[in-house]
Amino acid sequence: MYEIWLMLNIVWEIALGIWPLLLAGAVLWLALLGTAWRQDGQHWRANILPALVIGAAVAVVAALLLPGSIGSTLSDMGYWVDWGMLLALAAAVGGMAVAFAWPLLSWRHGRARA
Amino acid sequence: MKKPTAVPPIDPVRRRWLQAMAAAPLVAGATTPSLVKAAVKTRARIVIAGSGLGGIAVANRLSQLLDGAKITIIDRKEEHNYQPGYTLVATGVWPVDKVRDRNADYQPAGIEWVKDMVASFDPVANTVTTASGQRIEYDFLVVATGVHLDFAQIAGMDVAAIGREGLTSVYPSPEAAQATWAAMQAFTAQGGQAVMTLPATPLKCAGAPLKMSFMLRDRLFKAGTLDASKIRFQSALGNVFGVKVVNDNVLERWQTLGIDVEFSRALKAIDIGARRATFSSPEGETQEMPYDLIHVVPPTRAPDAVKNSELAWKEGPFAAGGWLEVDKSTLQHRRFPNVFGIGDINGTPRGKTAATVKKSAPLVAHNLVEVIAGRQANQAFDGYTSCPLITREGSAMLIEFDYEGRLTPSLPMIEPLQDSFFAWLMKVRMLKPAYMAVLKGRV
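Just so you know, the protein sequences line up as chains W and L, in that order. With our numbering as the guide, the letters of the first sequence map in order to residues 1 to 114. With our numbering as the guide, the letters of the second sequence map in order to residues 1 to 443.
I should point out that these hints are in silico values taken from the structure, not numbers from a laboratory. Don't take each hint at face value.
Non-contacting residues of chain W with respect to chain L, defined by C-beta distances greater than 10 Å in every case (computed) [what the hints assert, rightly or not]:
no. : residue
1   : G17
2   : L23
3   : L32
4   : T35
5   : W44
6   : R45
7   : A57
8   : A91
9   : L105
Derived pair list, reagent style EDC-like, types lysine to aspartate or glutamate, alpha-carbon separation capped at 20 Å [stated by the list, open to error]:
no. : chain 1 : residue 1 : chain 2 : residue 2
10  : L       : K77       : L       : D105
11  : L       : K98       : L       : E79
12  : L       : K328      : L       : D402
13  : L       : K440      : L       : D105
14  : L       : K98       : W       : E3
15  : L       : K115      : W       : E3
16  : L       : K328      : W       : E3
17  : L       : K230      : L       : E310
18  : L       : K307      : L       : D292
Predicted, not measured: the structure shown is a model, and the values here were computed from it. Virtual Cβ for every residue (Gly too), placed ideally from N, Cα, C.
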């Protein structure tokens, strides 16, 4: 339980350090979601697969670039814990890409058909 | 007979959400034990000497745990330094700004901050006197003064000269760490003879001299000047790290990396202009050693205010350094039960690190509250400490151990002696946020 509490605090402190960025991202995401939601002829279901493909592509790129962003390299991956952490971080980045890509694609698809 | 009212069926998904919402306070309660306790009412006067990580962390916790206490922090220093980051600044990984904050931003509301230094302690009269002569009475005292870096034991040493003539030291300040990086860059551009030192006293962050050696070797390798260089590690300890399994692992690595080690050389004097260091052996023999770059690790002892007081150990291995005489389990003073120690000042077997404070600050606050409430200090510290030992840029080992030198990884899957991206990520991105949470009294 202590480790869970510690990790939550670490995430909180990291978020405190970049809160303007997080706030801007959240506002942008909500605006995107609202715009796509209000549009006639939504195509959410049709765009989930393309959004997932984009997310997967972003995750792959993130996995390749993340080590370099902190002065490390893929050759520094020592054991499965390293790979697990890297893949989890890459998946988180990919998940964020999906969160933005899905409403964006739905909105663009709707506009194109309107 | 009244017919029971039919209960509408609940959607299984909704049921799971409701269960999760009901369980949320239980999870929060289990993970934040200090926040759910009722504050103890008291009029106690508590003085905290020092506003480093230990002093502020305990102040924040006591503010949560006590209602009505008068808490006074005594420390002249206004800048708060994230000292675990000094090695990252000194090796060019971090800019110096990342280790600089303001103490005022982290102290709890409602405390008194006396911007002065404690000049003397009188635990018999329950008073401290500051450098300006102010006499402050207390009912309970927390000693959190940190260590004194005793560069004066090295003849010819001048802290102000760090960064010039190949003189480096990561210990004194952010400025020294920054100057160390400048000197390291100049050195690695050409290569040469590097001398790394390690004194025989208890040491603040005992892994720092090793990290500096690993990183210097890595910087030489990346600059392409490793072949024109030699790193010599001069230890006065008989080893390079107090935990045998770690010591053996590091020595094995250094043998592969070409870092030579001497085990009985103490730095006694330095001629900065001539770039010559003088070492002595336990037998009293001296040896001069020329260098192009030297990393000086100062002997450490308790600050004079503690060393010259009744609070210091009077016999045993911690007496020479004047360290605070606390019980290693409860961190309560062995002769003055209204006094506790936190952090580097404690005369305990290991652990002059931020990780030690992380684990012991909640315990000190709890035990002090117990004593204020008229009970016995009842929580025991196992000596936990941690050292994210950098082995090169991009990789580290996450070593955690206790008083007995047993490896005690926090997470069972962590391999303490494994070079790891995860440990490096912890060091450069996650440990400062963890430190901040400790400082604020939350973990």
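Outcome of the hint check:
1. Some Cβ of chain L comes within 10 Å of the Cβ of W:G17; the nearest lies about 7 Å off, and the non-interface call is violated.
2. Residue-level check passed: W:L23 sits 18 Å from the nearest beta carbon of chain L, beyond 10 Å.
3. With a minimum CB-CB distance of about 26 Å to chain L, W:L32 clears the 10 Å threshold, and the non-interface call stands.
4. Here W:T35 stays apart from chain L, with its beta-carbon at least about 28 Å from theirs, past the 10 Å limit.
5. With 10 Å as the threshold on Cβ separation, the claim that W:W44 sits away from chain L holds: the shortest Cβ distance comes to roughly 19 Å.
6. For W:R45, the requirement that its beta carbon stay farther than 10 Å from each beta carbon of chain L is met, with the minimum near 19 Å.
7. Interface exclusion of W:A57 from chain L stands, the closest Cβ pair being 23 Å apart, more than 10 Å.
8. For W:A91, the non-interface assignment is confirmed: its Cβ lies about 15 Å from the closest Cβ of chain L, beyond the 10 Å cut-off.
9. Non-interface call for W:L105 relative to chain L: holds, since the shortest CB-CB distance, roughly 26 Å, exceeds 10 Å.
10. Distance check on the hinted pair: L:K77 and L:D105 sit about 13 Å apart at the alpha-carbon level, within 20 Å; holds.
11. A hinted pair counts as satisfied when its Cα atoms are at most 20 Å apart, and L:K98 with L:E79 qualifies at roughly 12 Å.
12. Restraint check for L:K328 and L:D402: the C-alpha separation of about 12 Å stays at or below 20 Å, so the hint holds.
13. At roughly 10 Å between alpha-carbon atoms, L:K440 and L:D105 fall within 20 Å of each other, so this suggested pair holds.
14. Proximity of L:K98 to W:E3 is assessed by CA-CA distance (about 25 Å); at most 20 Å being required, the pair is judged violated.
15. As the CA atoms of L:K115 and W:E3 are separated by approximately 36 Å, the hinted pair breaks the 20 Å bound.
16. Among the hinted pairs, L:K328 with W:E3 is inconsistent with the structure: their alpha-carbon atoms are about 24 Å apart, more than 20 Å.
17. Restraint check for L:K230 and L:E310: not satisfied, since their Cα atoms lie roughly 47 Å apart, outside the 20 Å limit.
18. Restraint check for L:K307 and L:D292: not satisfied, since their Cα atoms lie roughly 36 Å apart, outside the 20 Å limit.
When the structure is compared with the earlier hints, violations turn up for hints 1, 14, 15, 16, 17, 18 and for no others.
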